[in-house]
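Student: Listed here are the chains, written in short residue letters.
Number of protein chains: 2
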Amino acid sequence: MTAYVELMAYQRETEALAAVSGRLGWDQETVMPRGAAQQRSDEMAALEGILHARRTDPRMVDLLMACEPQGPVQEAQVRDIRRSHARAAKIPARLAQALAQVTSLAQGIWADARRTDDVAAFLPTLAQVIALKREEASALAGAGDLYDALMDDYEPGATAASTGAMFDRMRPRLVALREAVLGAPVPDALVGHFAADAQMVVARDLASAFGYDWTRGRLDLAVHPFSSGSGHDVRITTRVIERDPFNCFYSTVHEVGHGAYEQNIDPDFALTPIGRGVSMGVHESQSRIYENQLGRGRAFTGWLFGRMRDVFGDLSVADADGFYRAVNRVQPGFIRTEADEVHYNLHIMMRFDLERALISGDLGVADLEAAWNDRFASDFGVAVDRPWHGMLQDVHWSVGLFGYFPTYTLGNVYAGCLYKALGDAVPDLDQGLARGDTSAATGWLRERVQQFGALRSPRDTVMHACSGAAPSEGPLLDYLEAKFRDLYRL
Amino acid sequence: MTAYVELMAYQRETEALAAVSGRLGWDQETVMPRGAAQQRSDEMAALEGILHARRTDPRMVDLLMACEPQGPVQEAQVRDIRRSHARAAKIPARLAQALAQVTSLAQGIWADARRTDDVAAFLPTLAQVIALKREEASALAGAGDLYDALMDDYEPGATAASTGAMFDRMRPRLVALREAVLGAPVPDALVGHFAADAQMVVARDLASAFGYDWTRGRLDLAVHPFSSGSGHDVRITTRVIERDPFNCFYSTVHEVGHGAYEQNIDPDFALTPIGRGVSMGVHESQSRIYENQLGRGRAFTGWLFGRMRDVFGDLSVADADGFYRAVNRVQPGFIRTEADEVHYNLHIMMRFDLERALISGDLGVADLEAAWNDRFASDFGVAVDRPWHGMLQDVHWSVGLFGYFPTYTLGNVYAGCLYKALGDAVPDLDQGLARGDTSAATGWLRERVQQFGALRSPRDTVMHACSGAAPSEGPLLDYLEAKFRDLYRL
Chain A
1 MTAYVELMAY
11 QRETEALAAV
21 SGRLGWDQET
31 VMPRGAAQQR
41 SDEMAALEGI
51 LHARRTDPRM
61 VDLLMACEPQ
71 GPVQEAQVRD
81 IRRSHARAAK
91 IPARLAQALA
101 QVTSLAQGIW
111 ADARRTDDVA
121 AFLPTLAQVI
131 ALKREEASAL
141 AGAGDLYDAL
151 MDDYEPGATA
161 ASTGAMFDRM
171 RPRLVALREA
181 VLGAPVPDAL
191 VGHFAADAQM
201 VVARDLASAF
211 GYDWTRGRLD
221 LAVHPFSSGS
231 GHDVRITTRV
241 IERDPFNCFY
251 STVHEVGHGA
261 YEQNIDPDFA
271 LTPIGRGVSM
281 GVHESQSRIY
291 ENQLGRGRAF
301 TGWLFGRMRD
311 VFGDLSVADA
321 DGFYRAVNRV
331 QPGFIRTEAD
341 EVHYNLHIMM
351 RFDLERALIS
361 GDLGVADLEA
371 AWNDRFASDF
381 GVAVDRPWHG
391 MLQDVHWSVG
401 LFGYFPTYTL
411 GNVYAGCLYK
421 ALGDAVPDLD
431 QGLARGDTSA
441 ATGWLRERVQ
451 QFGALRSPRD
461 TVMHACSGAA
471 PSEGPLLDYL
481 EAKFRDLYRL
Chain B
491 MTAYVELMAY
501 QRETEALAAV
511 SGRLGWDQET
521 VMPRGAAQQR
531 SDEMAALEGI
541 LHARRTDPRM
551 VDLLMACEPQ
561 GPVQEAQVRD
571 IRRSHARAAK
581 IPARLAQALA
591 QVTSLAQGIW
601 ADARRTDDVA
611 AFLPTLAQVI
621 ALKREEASAL
631 AGAGDLYDAL
641 MDDYEPGATA
651 ASTGAMFDRM
661 RPRLVALREA
671 VLGAPVPDAL
681 VGHFAADAQM
691 VVARDLASAF
701 GYDWTRGRLD
711 LAVHPFSSGS
721 GHDVRITTRV
731 IERDPFNCFY
741 STVHEVGHGA
751 YEQNIDPDFA
761 LTPIGRGVSM
771 GVHESQSRIY
781 ENQLGRGRAF
791 TGWLFGRMRD
801 VFGDLSVADA
811 DGFYRAVNRV
821 QPGFIRTEAD
831 EVHYNLHIMM
841 RFDLERALIS
851 GDLGVADLEA
861 AWNDRFASDF
871 GVAVDRPWHG
881 MLQDVHWSVG
891 LFGYFPTYTL
901 GNVYAGCLYK
911 ALGDAVPDLD
921 QGLARGDTSA
931 ATGWLRERVQ
941 QFGALRSPRD
951 TVMHACSGAA
961 PSEGPLLDYL
971 EAKFRDLYRL
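The listed protein sequences derive, respectively, from chains A and B. Take the first sequence: its letter number 225 is residue 225 in this note's numbering, and every next letter is one higher. When you read off a place in the second sequence, starting at 1, and then add 490, the result is the number in this note's numbering.
Please keep in mind that the hints were generated in silico from the structure rather than gathered at the bench. Beta carbons: idealized from backbone N, C-alpha and C, even for Gly. Just so you know, not all the hints are guaranteed correct.
Unchecked claim - Simulated restraints, written as ranges between beta carbons of each label pair:
(1) B:Arg733 <-> A:Leu95: 56 to 62 Å
(2) A:Ala198 <-> B:Arg733: 27 to 33 Å
(3) A:Asp319 <-> B:Arg524: 22 to 28 Å
With the rest of the complex left out, here is chain A:
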């Protein structure tokens, strides 16, 4: 047996155990009894201890030294294992376990605090999480930047400086578009009561329409929709608000984008390092292009309009054009996950700045609420009315996901690039979408992006799909301006 074969056999078990950890995460956010929180955090810590020990096992070092990968697939596997080993070797086992334990518990504390608008109940836990993440970042960064070290986990190769520079280039055009749109007449919203059961029927139709494979997945409810798992067990979640069916429908399509990415990776890569989405940014590019460029486009919303009338009867908007406008209504709301395409990236830029300050130590948790509310009023022109709508809205910080938020906008940027390339490759895309048939688009994404998993770097993954063009913010901004100037008749 060659060192490579032995290394991969060992790694395969590690991947299987990591998949188990992911499954426990799904369980915790969908079905776990609330009283199980402490016990679950012990379980997660024990499993993290095992994973950490495997990733730093001396046998791994020997095998990594000895193995001679052949060809791009083997090279990518070894590169990834090396990276994961090097990362784990810098983190003391005690810290890895403490992070697993604290963040598992913190999630429930955050959820309770959010429900009761109780910032004070959350701050001690948040402070604890930040202290551990700073400790982790120091261990990883060496002499480098703390935030970069964290961000690298989610988007290998990205830095705060390059991301911040891109955000600075994007902001003026987004702000100008926002101001133009908000100065125009507001389209009618879809109003009415949409029964939860019926919403779920349509949500399942949407998932099927976007190619979600039900034999290898399921759809459940969660407070904060997410997707989970890879290979043959990729689960998605959504939520239901009976006065706002678009929340459920577009959460579903978004998570189907994530789920389809994982389901469509080359089965030969299953339970290996490259058998998963390459980065959070590329992941988000899939969820976003499914949700926005495809799902919220004029062609597909025409089909959805008909499907909703089948299920709910006459709607408050009379025709497909009014429906398209209602789906894409621009409003400065509090909640990131409900934000329209014009506002969405402004939410991210705000979180990016705040979390960099939390990690650098420039901002303490005691001052976070005021900093959030000030910045929100300044960027969105509205005062935050309650913590649920402000700093308590997102799960991310409670579970230690610092450096994750910017990947959402990176994902939008990648989606912009991919949508341009898709349009060049499939000029009659909208003909299928108007019939609810997404296969030309989802087939192209599967062939050009999804099947490769983490074979290439995030940047190279996007470039490969875009015939060599480097990712940039231009196509996204062009798309947004064209769509909303048309929609708002500017």
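Please build the complex by placing chain B on the supplied structure of chain A, with the hints as guidance.
Tutor: Positioned in the frame of chain A, the structure of chain B alone reads:
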């Protein structure tokens, strides 16, 4: 740190990982997508590899040698760890992983075969499971009996010889009772259509009535109802048949008995070896006394009759006495889990004999169906009409649970002993039960049995509750004869 403290810290992590494995089992039987079966078997095998390595770790040997347990709790912990280590040390890691992998896959194959009545599709898998279990039994048994070695996993201290002798003593009285009952007029059954949603409302009421703690558990649907987990995450399942609400209700009460046992163990024992039910027999004593002696008694069925009329309106039986007779109707059915109290143990005796022959090699899988059908016709006087109703009905053999079936009858025997002791301790028990208040009974069981977990041996656990009386089949048979002679006016 003393060796004992160190040993327990290590063991606590092992217990947490074992709890994770249990949680995956729950997932597999309730929510897992069908396409995930192969991947899940890899995950289970990886986790089993970790558990096996921990149980046989040389550090454990050193710590077991060095530790000096103080008092009965520490002694019980160390005894249990020693036992688990000795067991694991006899099983090669390869075999432990193969068993985890094969039985995880086999469950789905069994479920498919059962659904399609396709014995041939199941036999190769069953042969593989039996071969692995025989290999395991040989490793465990040394020069001893193979079946005893397997049975010891579920009921420490029990042997095939002593169990068989007890079954031989029970059989004549059970057969005589069965013949007498079947010669008497048959009471009216409850007939009608009982909507699934409404059944689940009553099922939840029943679980609450029997003290199930919802903050540390949940109720889901499964093909084959089971309970899962311990401590703060103890989940139960049931099934719904719309023409037969008692199936759902008594499956629920049965699983609540299992679940309450785990939920009521001293919290100080959580994630330790004694923090779980001591044996399958004692476990079954709890589920059975909840289900039968309490749940199917005249007093409690009076309350259930009223509750069902609240939910379903008028019933096909007119009064509480007719309802009590309908609940306890005796019929020679095919399905063990639907069997009445008179027939139930005859189902077990048949499986006990068949599986001993499978493990000894006297019976090959190719001859199992004929052997099953012959024996069923002889014991029950009815010809099996399809494999689903015959050898494919139970999940146990597919997942390698050989030696498990006899613990069901042991559980009934223990339940008979406990019910006698409970009646002596709480003479006015039925007054509460008639109001749907089980607290006198469940409180007594919690105090006398459940809180102790695996502190004492199975036999000593029952003896402790019964003021020192050794378990025997007498009280169960006395109870059955008294109940059914009264019910059938014999």
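Student: Taking 56 to 62 Å as the stated bounds, is the beta-carbon spacing between Arg733 of chain B and Leu95 of chain A within them?
Tutor: holds, 58 Å
Student: Per the hint of 27 to 33 Å, is the separation of the Cβ atoms of Ala198 of chain A and Arg733 of chain B within bounds?
Tutor: holds, 28 Å
Student: Cβ-Cβ distance between Asp319 of chain A and Arg524 of chain B: within 22 to 28 Å?
Tutor: Check failed, 42 Å falls outside 22 to 28 Å.
This entry does not satisfy hint 3, going by the numbered hints stated previously; all others are met.
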